[in-house]
Amino acid sequence: AKSEEAPTPPTQATGGAQAPVAPAAGGPTCTLSQYGGAQVDLKNAIVGFSQSEKEANPFRIAETQSIKDEAAKVGVKQLLTTNANSQLSKQISDIQDMINKGAQALIVAPLNSDGLEPALSAARAKNIPVLTIDRKVNSTPCKDYVAFLGSNFVEQGKRAAQQMAKALGNKGKVAILLGASGNNVTTDRTNGFVDELKASAPDIQVVAQQTGDFAREKGQQVMEQIIQAQPDINGVYAENDEMALGALVALRSANKKAGTDIHVVSIDGTRNAVQKVTEGELYAVVESNPRFGPLAFQTLQSFLSGQPVQQNVVISDKLYSKDNATAELGNSY
Amino acid sequence: MTGSPIVDARAVGKWFPGVVALSDVDLTLLPGEVHALVGENGAGKSTLIKVLTGVYPPDSGELFFRGEPVRFSRPLDAQQAGISTVYQEINLVPLMSVASNLFLGREPRNRFGLMDFKAMNTAAAKLLDSYGVDVDVTLPLRTLGAGVRQMVAVARAAATNAQVVILDEPTSSLEPREVDTLFEIINRVRANGAAVLYVSHRLDELYRICSSVTVLRDGRKVHSGPLASLSRLELVALMLGRDLEQIEREGTTKFDSTPTEALETPVLAARGLTSQHRLHGVDVTVRPGEIVGLGGLLGAGRSETVRAMAGSLPVDAGTVTVAGRKVRTGSVAAAMRSGVVLLPEDRKSDGVLPDLSVRENIVLAALPRLSAGGLVSRKRQDAIVDKFMKRLRIKASSPDQKVGELSGGNQQKVLLARLLCREPKVLLLDEPTRGIDVGAKAEVQALVGELAAEGLGVVLISSEFEEVVEGSDSIVVLREGRVVAELRGADVTEQKLIAALAEGGGDG
Amino acid sequence: MAETTVTTLSTAQPPATRRLRDYGVYAALGILVLYNLVFTENFATLTNLNTQLVQVTPILIAALGMALVIGTEGVDLSVGSVMALAAALLPLYLGYGLMPAIVVALLGGALCGLFSGTLVAVVGIQPIVATLALLVGGRGLALVLADGRLKDIRNPVLLDMGSGSVLGVPIVVLIAACLTLVVGFLVRYTTFGRQLVAVGGNRSASVLAGLPVRRILIVTYVISGVLAAIAGIVATARLTASDPSAIGQLAELSAITAVVVGGTPLNGGRVRILGTVAGALLMQLISATLIKNNLPTSIALIVQAAIIVVAVLLQRPRFAGGAG
Amino acid sequence: MTVVTDKTEVATVEKGLSRRQWIAGLVQRRGSVVVLALIVLVSTFAFDSFATVDNARNIAMQSSFLAIVALGMTFVIISGGIDLSVGSVFALGGVLAALGIQWGSVAGILLPLVVCGGIGLLNGALVAYGRLAPFIVTLATLLGARGLLLAITDEGANTRLMPRDALLTQLGQGTFLGFGYPVWIVIVLFVLGVLVLQRTRFGHSVLAIGGSVEAARLMGLPVARRTMWLYTGSGLLAGLSGALAAAYSASGVTIVGVGFELDAIAAVVIGGTLLTGGAGTVGGTLAGVLLLMVIQNVINQIGTLSSHYQSVVSGAFLAIVVAIQAYLSRAHLGRERST
Ligand SMILES: Nc1ncnc2c1ncn2[C@@H]1O[C@H](COP(=O)(O)OP(=O)(O)OP(=O)(O)O)[C@@H](O)[C@H]1O
Ligand SMILES: Nc1ncnc2c1ncn2[C@@H]1O[C@H](COP(=O)(O)OP(=O)(O)OP(=O)(O)O)[C@@H](O)[C@H]1O
Ligand SMILES: O[C@@H]1[C@H](O)[C@H](O)CO[C@H]1O
Ligand SMILES: [Mg+2]
Ligand SMILES: [Mg+2]
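Each protein sequence line maps, in turn, to chains S, U, Z and G.
The first sequence: position 332 = 332 (my numbering), numbered continuously.
The second sequence: position 76 = 76 (my numbering), numbered continuously.
The third sequence: position 278 = 278 (my numbering), numbered continuously.
The fourth sequence: position 62 = 62 (my numbering), numbered continuously.
Just chain S, with the same shape it has in the complex (with noise of 0.2 Å):
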C-alpha cells in the first residue's frame, strides 16, 4: 500500500507531558497500608491496562500508548492490554479476567462513571491496587480504588465556554455538538459549559443542542442541520476536535466562514484541531490530555513501594489559542 504523503510530524516524546494542577501536596493522600496489600517491585510486576474505547480517536491512541510506552519503559514483567469496546459489561470482565491472569495492578480508563464497582471490589478482594485515568468514577478512593488522574471535564466546560464569551463579546447564538448520550464526560462538558456562560455571559444563547457522538461524521452532519435552521448563529461548541473538525467541513460547504463568521471552540488538543488553531479556522481548544502514563507508573511506584500518593490528580490542561498555536502544535496528539 501507498497512501498519500504522511503530512503531520510524529509527536515528541516529551512535549505534552502531564502535569498535576495543584502541587503534590495537600489533598487527601492514600498509602499501600490504608488501603491494604503488599509492597511489589513494579519492574517485576504484572500491570493490567483496561481501556474504555476502541483506539479509534487521537485520545484513544494516545492514551494507550503511552501507557504502553511507559510500561516499557519502567521495564514491567508484563503488561497486559483489553478494550472494552464501548461496553460496560466488556469492561467489567475484561477486568476481571486480567486480576484472574495475575494483575498485581490495573490502570483503568473507565467508560463510566458508574457501574464498575464488579470490577473493582473483584480487584479490592485481592488486595490489587487500582489506579482509574481520565474519566473518574463515583466511589470511593483508597478504599474501591486507589486514586485518580485525570482532566476536570466540567473545568474543560467552563474554560470553553470563557473562550467563546471572548469570541463572541459576550453576546450571540451558540449551537452546542454534544458528545456520546449517556456517557458523563458529554454531561460534565455540557453543565460546564452551560453554567459558566449563565454566570458570566447571559447574553449568550444557546440555541440548539444536538448529539454528535464525539464522532467527526456525526458532527457535519448535525451541523450542516442546524446552520440552516439557525443560519444567525455565531458560535460552535464542540465537546470534542473531531465534531469540531466535521462542524468546520459543514460550514464551509454552506458558506459559512469559520473564524469570522462563526466562531468555533471545541475540547481535546488533536493534532489536526490544534492545525486549525493555527489557519484561525478553530478559535481555541481546550486540552484534555491523554498523555497519562508516566504520572500513572510514577503513582504506582511510589504506592507500590509504600509511599503516600495524592488520591485526587487533577491534571492541568493546556489552552490551544492562536497565540500559542504555532509553538504548541508539537504538543497536540
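Keep in mind that the hints were calculated from the coordinates and are not lab data.
In this text the structure is predicted, and so the values were computed from the model without any measurement.
Yeah, the Cβ is synthetic: ideal placement off N, Cα and C, and Gly gets one too.
Each hint should be verified, as a subset may be incorrect.
What the hints assert, rightly or not - Here are some chain G residues the structure puts well away from chain U; computed CB gaps all over 10 Å:
| no. | residue |
| --- | --- |
| 1 | Asp-48 |
| 2 | Ser-49 |
| 3 | Arg-57 |
| 4 | Asp-154 |
| 5 | Leu-171 |
| 6 | Ile-295 |
To be verified - Here are the simulated EDC-like pairs of lysine to aspartate or glutamate, each with C-alpha atoms no more than 16 Å apart in a straight line:
| no. | chain 1 | residue 1 | chain 2 | residue 2 |
| --- | --- | --- | --- | --- |
| 7 | U | Lys-390 | U | Asp-400 |
| 8 | U | Lys-395 | U | Glu-450 |
| 9 | S | Lys-2 | Z | Asp-160 |
| 10 | U | Lys-348 | G | Asp-54 |
| 11 | S | Lys-2 | Z | Asp-152 |
| 12 | S | Lys-126 | G | Glu-214 |
Unchecked claim - Where chain G lies over chain S, by a calculated footprint (3+ residues, C-beta under 8 Å):
| no. | region |
| --- | --- |
| 13 | 106–117 |
| 14 | 179–189 |
Since the structure of chain S is already known, use the hints to place chains U, Z and G with the ligands on it.
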C-alpha cells in the same frame, strides 16, 4: 334428528380483488349424510370451505350451525364448534414428527401437565395403523411422501369426534388401497350421525360414497340434490355448463389408448439408480413418443425415481442417458439442459411462486432463452405466455394475477406450461392430474397424449391406477425402490398391474 | 349485518386502501414535507433540499444493495462495516492515484460480498449470522488497516466528488441517482433480476426450475458489497476524511429500515427500488426535522419509532384470513 | 397380507432412515456443545489461568445476563420471529430498577418487569394482530425504548445508584456456593425453558407456529395469542436481565445494552436454532452464550491483542463456528431440497 341441518349456509358471498369467488351460495349439511361438493377448478369449492370454517370471513350471507347463527373468526372457533377440516393443500408442520402433527393442540399430558410423548406416540401409531399406514411416528413429517402426509391430515381431522367433517380433495394423492380405508372411516363417521362434506374430482368416488351433491360453477350454486338422481354425464354437464349432447359428442376425453409401438433408440435410459434408503438399482427406459407409467403403492419410490432422473435427488450410483448422451446426475440444470424436465409432486412447496404473476411463473425456467443479452424480452415472453395460457386453458383474470390466487387445478396447468416452454425431450410427470377437474384433467391427459405423439418421451406417475393404465404404453412397477415387474403392450391392464403389485409383495 | 359490511372493508380491500398500501411511503413522505414547509424555518430552500439529498446518499446506496439481498429472502448486516472497510482502503492506495484506490476499495467490497454470499449459498449459513460475522470482523479489519487513525483526504478530485456539483446538483446525488436507475433496471428488466426475485419467492421451486440458485445468491451479495463500498467512498469524500471507526456505524439498520419502510417485504420475492428511495428519504427527513427543531435525542428516537410503525402499518400485507 | 409385509418393510426402511437423522439431529443440536468443548480443551492447555475456578466463576457470571436475554430470544426465533428490541429494553430495565428501588426492592424489580413486559406486549400485538414484520416492529421499539430511557434520565445524564444493602442489589451481587445468584437464576430459568419448550403444549405450539404459521392456524392453534405471549416473555426476560445487571453493578447505567440484541441472536443461532423458525433448543442457546463468552475470555487470556484485532478474531470465530454448525446440520436439514 335427521332433517334439522347441522350446517346451513345461506347466500354466502366472497370476493377477492378482481375475482368473485362465491356469490350467494347456499349449502345445507344434514346429519348422517355424505355431501359431495363438485365443480371445475376455480369453481369456489375450497373458498366455500374456508368461509365455512372461519379461514376467510364471508363478505355476505349468513351461516347457521345447529340452527344458531354463527360467525367463525378463525379456524379454532370452527373446530371448537365441532367442524374439523382437511384443507386442500395439505397443511401440516413438515419439521415436526408425525405424532406431533396428529395431536397438535390436544397432546396427551401426564399428571404434572407435561406432555406424555410415550402415550402420544403409541396413540399415533395405533391411529395411523387403522388407516393402513405404518410409519415411525417419531419421524419428521417432511421425510414422508405426499401420500402419507395426506393420510395423516385425514386421520387428524377424523380423530376429533366432530359433528362435521370436511374433506377437500382428500384422495388426490391416495391410491386405491388408501382410498378404501378412507371410505371405511367416512362410513364410520357418518354412522355416528355426523355430516361429511366431500370434495373430489374423481366421479366414481363420489358415486361410491356420497348421498347428495352440490354443484358450483364460477362461484354460484347451479344444483343441489340427491346424487343418485344424476347420471355422470348430467353431473359433468352441470359442472362444465355444457349441454349433454355436446359432452356425449366430445366425451370427457382421456388418452387415446392406442399404444404407440416405438422401437427407436431410447430418448431416456436410467440404469441402476440407487439412493440411500430410497432407490435400489432402478432401471427405466423411455423411447421417443412412449409414455412409461410408474406403478407402485405409497412410498414405493416413484417420486424418488423421477426426482433422481431430473437431478433433484442426489444418487449414490446409477447413470442417466438422454438421447445417447450421459447426463451428470444430481444437477437439475444439467438434466434440464439435456431436455429432461420434472413436474414435481408437491405443487405448493416445490412448484409455484405464489406471490409472482402467472406470466413470471410460466417463463421462470425459460428466462435465459426468452432474453437477449441478459435482458428479458417482454415481447417473446407475452407471446409464449399467451400461447400456453390458451393451449392449457389457464383460468386467470390476467397473466398478471398472482398464481397463489389461482385454483389448484390452474396452478398445476401453470407449472405444466413452465416445463413446456423449455421444449423438453422427456417429461417426468409426478401426479400431473392431482386435483384437476374432469374437464381440465381430460385436457391435460389429451395434451400429454399429443406431446407423446409429437415424439416426446413421458414418464407418468399417478395414484389412479386407471389413469396409469389408460395413459401408459408400458408400466414399470416399483416396490420399496426396486423394479418388481414391467408390463408392456397387452399386459398393460389394471388386473395385471394389481397382480404385479401383489406378487411383488409376495416375499422380498 | 353491520359486522359483515365491516369485514367487507377489511377483506376485499377497496382500491383506495390497496393503493395506500402501495404508496404509503410516498404519502408519509408528502405529509412530512408539508409539515416542514409550515413549521420548520428555512426549509423551502434549494440548499436545504441539497443537504437532505446529499446526507441520504450513503444510506440510499447501501439500501439499494440491501433491497436486492432482502429480495432473496436474506439480509446483509455487513454493509456498515463494508463501508468502513472501503473508507479504510481508500487512503492506503491514493498514493497510486484516485482510480486505483477506488478500484481497490470496490474490490474490497466485492470480496466481502463474495465471503457472505459463499457462506449463505454454499455453506448454507443463515444470512443474518453469516453477515453478522462480517459486521463484527469487517470493522475490526478496517481499523487494523487504518491502524485506528482517521486520515484526512487531500486528493482534489475526490474532494470535488464530495462537495462539488453539476448544474446545481451535488455530484454524490447524481451518483446515487444513476445507481438507483441501474439497480431498478436490473431488477425489472434483466434475467438476473427476475431470477433473483424467484429465488426469494420460493427457493426449492427455483432449484427445481433449474435456476443457478447458488450463483444468483452469491452475485446478489457481491452487488450488495460493491454498493456498500461505493457508499463508503461517497461518505469519505463527503467527510473529506477516512474515518473507519465512524463511517457506516449502524448503517445496516438504517438501510434495512429504508428498504422495509419502502414496502419491500422481508420474506423475499419482491423488490421495490423506488419505494426504497422514498423510505430512505423519509428516514432522512425525519431525523432532519428533529434536529432542525432541536428536539432532544430522547424525543427524537421515540418519534422515529412511532413513524416507522405507522409507515409499515399503512402498507401491511393484504388481509388473508383471521389473525389466529 | 402382502400389503402388510409391504408396509412393515417401508416402516423399517423409515426406521433406518430415522436413526441416521436422529444422529445428525443430535449432532446439530449439540454442535455448539462440541465446538465449545473443543475450545475449552484447547484453551486449557494453551493458558494455565484458563481452567481455574475463578475463571469459571467469571465466565459464568459474565454469561448470565446475556443468557437470560437469549432465552427469550430463543422462543421468539423458534416461532419464526425475531426481537431486536432486547438491547434497549435490557438497558431500560436496569435504569427502571435503579429508579424503582427507592420505593423498595419489590418496586425495584416490578417496575422494570411491568414496563419491559409492556413493551414486549406491544411488539407482540403489532406482530400478531397488526401482522407487521417482527424485524421492523422490534427495530422500532429498539429506538423507542432507548428514547424512553434517555427521557427518564434527562438525556442519560442522570445515573441512579442502588443502595448496597437493598435486597435487589444483593440479588445481583450476592453469591451461593461461590457462584453469583444470577448464575443460579439462569440455571433455574433454563431448566424451566427446556421443560416449556420440550414438554408443554405451549412449547409444542411455538414449534408448530415456527414450522408453518399457516398450518398452525388451520390446525386451530391460537397463533396470535401465543405470538403475543412470546414477545411479552422476551421483553420480560430482557427487563429482568437488565434489572439484575443493574443490581450487579449497583447503578442504573444508561449506556449499556447497545448491540446486545446481536449478541443474543448470535448465541441463539450458534446454539443450533433455525432463524427460519420451527426448530431449536434451549440448551443449545446456553452453549451458544458460553461460546461467545469463552471467545472473549480467550482473547483476554492472550492479553495483548489490539482492540482492532479483537473484533477481527471474534468475527472470524463466529464465521467458523456457524460454518461448522451448518456442516454438522447438513444431513439433518436434507439440503438437497433447498440447494
Ligand atoms: N386468496 C385468494 N385471493 C384471490 N383470489 C382467490 C384466492 N383464493 C381463491 N381465489 C380465486 O377464487 C376462485 C375459487 O378458487 P377455489 O380455490 O375455491 O377453487 P376450487 O373450486 O377449490 O378449485 P380446485 O378444484 O382447483 O381446488 C378462483 O378463481 C381463485 O382464483
Ligand atoms: N405408506 C407409507 N408408509 C411408510 N412410509 C411411506 C409411505 N408412503 C411413503 N413413505 C415414505 O415416503 C417416501 C417418499 O415416497 P414417494 O413419494 O417416493 O413414494 P411414491 O411411490 O411417490 O408415493 P407417493 O404417491 O406418496 O409419491 C418413501 O420413500 C417412503 O420412505
Ligand atoms: O476526554 C476524552 C475525549 O474527549 C474523547 O474524545 C472522548 O472520551 C473522553 O474521555
Ligand atoms: Mg380447491
Ligand atoms: Mg410420489
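So, going through the hints one by one against the coordinates:
1. Asp-48: The claim holds: Asp-48/G sits with its nearest Cβ about 45 Å from chain U, beyond 10 Å.
2. Ser-49: holds (43 Å)
3. Arg-57: holds (33 Å)
4. Asp-154: holds (46 Å)
5. Leu-171: holds (28 Å)
6. Ile-295: holds (30 Å)
7. Lys-390/U - Asp-400/U: holds (15 Å)
8. Lys-395/U - Glu-450/U: Violated, at about 21 Å.
9. Lys-2/S - Asp-160/Z: Judged against 16 Å, a Cα distance of about 22 Å means the pair is violated.
10. Lys-348/U - Asp-54/G: violated (56 Å)
11. Lys-2/S - Asp-152/Z: holds (15 Å)
12. Lys-126/S - Glu-214/G: Violated, because 59 Å separates the two Cα atoms, which is more than 16 Å.
13. 106–117: It holds: at least three residues are needed, and the region 106–117 of chain S offers 7 whose Cβ sits within less than 8 Å of chain G.
14. 179–189: Coverage by chain G holds for the region 179–189 of chain S (7 residues, Cβ < 8 Å).
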